[in-house]
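Chain A is already provided as a structure; the job is to place chains B, C and D on it using the hints.
Number of protein chains: 4
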Amino acid sequence: MKKVSVIGATGYTGLELVKILIRHKNVKIAHLCVRKEPEAIYSDIFPELKGLCDIKCSFLEPELICRDSDIIFFALPHKVTMTLMASFLGKGKKIIDLSSDYRLNDPDLYNQAYAHEHGDVENIAKFTYGLSEINKKNIAAADNIANPGCFPTSILLALYPVIKENIVSYNQIIVDSKTGVSGGGRTPALGFHFPECNESVKPYKVGIHQHEPEVEQELSKYAKKKVDIIFVPHLIPMTRGLLSTCYCDLTKKKITLDDINALYDKYYKDNKFIRIRKIGDTPQTKDVVNSNFCDIGFQLIDNKLIIISAIDNLIKGASGQAVQNMNIMCGFPDEEGIIN
Amino acid sequence: MKKVSVIGATGYTGLELVKILIRHKNVKIAHLCVRKEPEAIYSDIFPELKGLCDIKCSFLEPELICRDSDIIFFALPHKVTMTLMASFLGKGKKIIDLSSDYRLNDPDLYNQAYAHEHGDVENIAKFTYGLSEINKKNIAAADNIANPGCFPTSILLALYPVIKENIVSYNQIIVDSKTGVSGGGRTPALGFHFPECNESVKPYKVGIHQHEPEVEQELSKYAKKKVDIIFVPHLIPMTRGLLSTCYCDLTKKKITLDDINALYDKYYKDNKFIRIRKIGDTPQTKDVVNSNFCDIGFQLIDNKLIIISAIDNLIKGASGQAVQNMNIMCGFPDEEGIIN
Amino acid sequence: MKKVSVIGATGYTGLELVKILIRHKNVKIAHLCVRKEPEAIYSDIFPELKGLCDIKCSFLEPELICRDSDIIFFALPHKVTMTLMASFLGKGKKIIDLSSDYRLNDPDLYNQAYAHEHGDVENIAKFTYGLSEINKKNIAAADNIANPGCFPTSILLALYPVIKENIVSYNQIIVDSKTGVSGGGRTPALGFHFPECNESVKPYKVGIHQHEPEVEQELSKYAKKKVDIIFVPHLIPMTRGLLSTCYCDLTKKKITLDDINALYDKYYKDNKFIRIRKIGDTPQTKDVVNSNFCDIGFQLIDNKLIIISAIDNLIKGASGQAVQNMNIMCGFPDEEGIIN
Amino acid sequence: MKKVSVIGATGYTGLELVKILIRHKNVKIAHLCVRKEPEAIYSDIFPELKGLCDIKCSFLEPELICRDSDIIFFALPHKVTMTLMASFLGKGKKIIDLSSDYRLNDPDLYNQAYAHEHGDVENIAKFTYGLSEINKKNIAAADNIANPGCFPTSILLALYPVIKENIVSYNQIIVDSKTGVSGGGRTPALGFHFPECNESVKPYKVGIHQHEPEVEQELSKYAKKKVDIIFVPHLIPMTRGLLSTCYCDLTKKKITLDDINALYDKYYKDNKFIRIRKIGDTPQTKDVVNSNFCDIGFQLIDNKLIIISAIDNLIKGASGQAVQNMNIMCGFPDEEGIIN
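Protein chains in written order, with this note's numbering: chain A, 919 to 1258; chain B, 919 to 1258; chain C, 919 to 1258; chain D, 919 to 1258.
Just chain A, same shape as in the assembly:
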């Protein structure tokens, strides 16, 4: 039994982490750190967990947390995470960070994408990008994981095989994503106020979303060449779920849908959480919500390959994948806690 702590346990990703960790057979929760109500009983904050997680929350005291934990999850906002991380590194703990602070290898890119100067540049290189299916080997050997963002997870899993095989153009892949409102976090704001976002669809941060450089960085690693995307996220009126519709130009002639399906089946055959839909069948978020699955489907129109992927933004797009990474790092069964 490993001991785990969650720093930032009152956001949506923190809550999902706790819900998974309490049913995980190989771990036991040591500390749930919350800023605002540090002495509260966790299930008083989240009554859905009454009888399931009645732990008293903890103050954020790095020494204490390190002493009592083998694995530490960070579920804090970006910018905040980087101010705390140094106190936790290099102490023999496994760190899994759900924020975006250690995902971009290039601090200049970070400064630009987040309009904020990175305050912990020297530690960036100590983190391994945690897209579980693609980077499994490195994750297994890593101490510190930068857990991918929700949009990047859905896009990278959708595009990995065709980029790797070099059968689509690397130039201006169009990605039109649709996300549920929980992706915006648990802090109230006008844009996420029920009467404002209910019964409406709205694109936002068109071409300037902070997840775009993260996607391009990883795709470019797969391609060993610069890959760029045109990314437009849309907010739609549902709590959870994220669907990305990717439009690629096939560079190789005479590829059929059967070929594409066979390719994805091959790439993902040992990855239980990736499900390739049959030809003619399209993913929908309803099928993956409350699960760690990523469903992927295709359509071919002339030379355009349309790849559609669906995930739960809080699970495969955040906390489920974080636990999947922990399972890989610690040698726990792949599905422990996330399928049961």
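Certain hints may be false.
[Unchecked claim] In silico BS3-like links for lysine-lysine, alpha-carbon gap of 30 Å or less: (1) A:K1196 / C:K954; (2) A:K1222 / D:K946; (3) B:K1082 / B:K1196; (4) D:K1222 / A:K1123; (5) D:K974 / D:K946.
[Unchecked claim] Calculated Cβ distances over 12 Å to all of chain A for the following chain B residues: (6) Y930; (7) S961; (8) K968; (9) K1123; (10) K1171; (11) D1188; (12) F1250.
Note that these hints are calculated values from the structure, not bench results. Glycine included, C-beta positions come from ideal geometry on N, C-alpha and C.
Only chains B, C and D this time, still in chain A's reference frame:
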């Protein structure tokens, strides 16, 4: 053409007021006062009104507003309203206040219901309660209207005939109400954050809601005796609409559903905005949303009379009724601006 | 490992049953019987279960199903169930019926409530009412379970202690319930068509809902006297969840909220799935959705006791409770499959 | 006062037509033809219209309808419309058909897009495509209008200026659309059943949607060259609203967002219902729902021009535009009935 101003034009009731006033043939908007963005173009705050209301907003300057207006609507939060009202009274203007600050005749009741000491006690008596259908004569003669709350509107219209006729018990009438989220206002808060209130139903302020004394005050006037209610509001996942289910004990024997329907038809026959449903038919909020209608239906189980009423909380429950009151006060056609 | 089959696996309760049974450690699915697509792969009908339940569906052949199963769940519509049941009884199988066909002890009451003559009167007495927490002993000894309806589950659990203790009036307890749309089943109908029920609340079957006699039958058993309720269900725009607000007249003086909480704590202390909320705290469906929990809270206004209970209509109100009953009947751990 | 009739008044577009026509000052409703309940009072079918439209419905008798009407709206499903149209043509009536039966000039294209042989080929040429802003002159002179589909309206208005100016590639313009559920009509079906489409997003008919040829036909007319699009519609959980995100390749260098905005302002300057958003501002469906507006906004990423348009699918995408066309054909004020 009368000149009208709206003080507090960026809340939901302010917005609905503006949407009605711009199509009203007897008025012209003078000032839209907003606190936060006083120099903004109104349609930059609410792009749905682009091309329809591109007025520049105004600072809240009582003298200026009084000079330029014949009618002034207050759509501010309670507690705030009472600090401003004195500057507007007694200047020959018609005032319609959508807040709750001048609805309760007894300041002690206010202090208790709102946990706040009333700061303008001397002006309370200058206001007439503006339940349009019931109080039409007094409204026509009034200078200052305290516009009813959304819950009170739905409950009072449902109960008026049976209370007036003294055919139900005045003791502990049970009122179970269900409201859409816009009833909570436009200020972001955790309870109205989309992922928190979507896909959930929740009772709140059980037995302590501030609208309860308002309902009891008015019912007691109809009865000329003390009437009390047990009131439980519920928040449900929709933007607009309010439905009240009232459970009364019939005190008179041998009353049939036909008698009840005939009674309500008689009481409301000249009131276009009250629609009595046929026997066996039940109101639903969908039928009244975006309108000033109040739909009322009935069922009789043994000696229990169940009265169901449905309104749009922002229109008949606030801004539509406010304009209906203006029409009565100014001798405009009854339906001007609110049916078109 | 016991072998289980589900008859009627394509409705919402059938689907929920399958989702629980596939993670239950003491059972293995033998047959999933579906009428329309008997040779289909189950996960082709419900892609969310791809990789989790790729079983081929079965024809409804009673002999085959009995041969291969130890436990048989019926998740068929009422009226249909009674035409099939005789072929399954008396063969040494455990039967758990989620329909309403064997819940009412008096067939005349059935005929009246369901406007349909009961076609299998002689077998009614062979069924035990399966409200898990209240009837545990009888369930443990039973062969055939009539699994309670969703509304009855929420109401009976809310009222059991006060009825049993005889501290509220047995006359005309008012129950105002709010249910999500999945309660109406998976067959498309205008009333459950998205644009018709989205953004609306509507009472239905006021005073004539078929679950009312079921509730009264069971309450009267607890009281050993006739108990009657006034029951008004409302349809609200969410997929899952059911909340009942019950208004009772206290018959005993000087009872406090502390007394009520203590009473419920005592009655339900060994029942993990019943959670009593603290004083001042109210249940909401969000806290119980996707779980087998029933959350109960209280408020006291004069002599009126308001009891609020929340469940997931498809889990505690149907399939979760069905598996809870199986666990009791078979001596499996209480929470197996339903908390994990 | 012209007399108007609606054939097919019980679908969602029929209902919206009626709601507009009853407030239109230049017309009076003659007949509302419904198939299933031909003697019903219209407001018994749609209680929201009680007191507003209590007309008795009519049988579909062509002679009677022609005798009593100056203008006839068809709001029937495609395939059905073509079997009835011949009886109404050539009788001096203005016909506005909301179905898709007379939109495609080439019957072979129809046969293919709708998988149904067109049964009234000879009358196709008698219809004028009714995209109000673009085809105003022809509409003014026309007797018979093929009213555009909802997706085509949103896409054509978005693309018209750039296609006309020949500044984007005509090849494989990508259009990713998101529609509310009312776009699927009022007939219940599993895909539009509340629990199936609530809380989910799903692409459908990827690359094979029947509106694609309609869009390409019209774009090609603007371009005087073949234009083709890659079209992927998505169903999202809201009742009304439609947003199209169009990705174009600029063929002309050095175009700025300012140029684009200036271009659209110029093209649409006399069209009140088209609203061009400021740079950096993006349309959302919430701003156009319940109105005849089409809001259009832009973003430029490298050489990709992203054009976003939002409409109410039932109003600008159907019934509002139908009345807008009637206004043009009959010389009524442009905004009569649709802004008020």
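To see whether the hints hold, each was checked on the structure:
1. Only pairs whose Cα atoms come within 30 Å are accepted, and K1196 (chain A) paired with K954 (chain C) is accepted, the gap being roughly 21 Å.
2. Between the alpha carbons of K1222 (chain A) and K946 (chain D) the distance comes to roughly 50 Å, so the proposed pair goes past 30 Å and is violated.
3. Restraint check for K1082 (chain B) and K1196 (chain B): satisfied, since their Cα atoms lie roughly 22 Å apart, inside the 30 Å limit.
4. For the hint pairing K1222 (chain D) with K1123 (chain A), the CA-to-CA distance comes to about 15 Å; that is within 30 Å, so the pair holds.
5. Between the alpha carbons of K974 (chain D) and K946 (chain D) the distance comes to roughly 14 Å, so the proposed pair stays at or under 30 Å and holds.
6. In this structure Y930 (chain B) is not separated from chain A by more than 12 Å, as the shortest Cβ-Cβ distance comes to only about 7 Å.
7. Remark: the non-interface label on S961 (chain B) is consistent with the geometry, its nearest Cβ contact in chain A lying 16 Å away (cut-off 12 Å).
8. Every beta carbon of chain A lies more than 12 Å from that of K968 (chain B), the smallest distance being close to 16 Å; the non-interface claim holds.
9. The claim that K1123 (chain B) lies off the interface holds: its Cβ sits roughly 17 Å from the closest Cβ of chain A, which is beyond the 12 Å cut-off.
10. A cut-off of 12 Å between C-beta atoms confirms that K1171 (chain B) is not in contact with chain A; the least separation is 46 Å.
11. Remark: the non-interface label on D1188 (chain B) is consistent with the geometry, its nearest Cβ contact in chain A lying 34 Å away (cut-off 12 Å).
12. No Cβ of chain A approaches the Cβ of F1250 (chain B) within 12 Å, the least distance being about 30 Å, so the stated non-interface status holds.
Of the hints listed earlier, those the structure fails to meet are numbers 2 and 6, in rising order.
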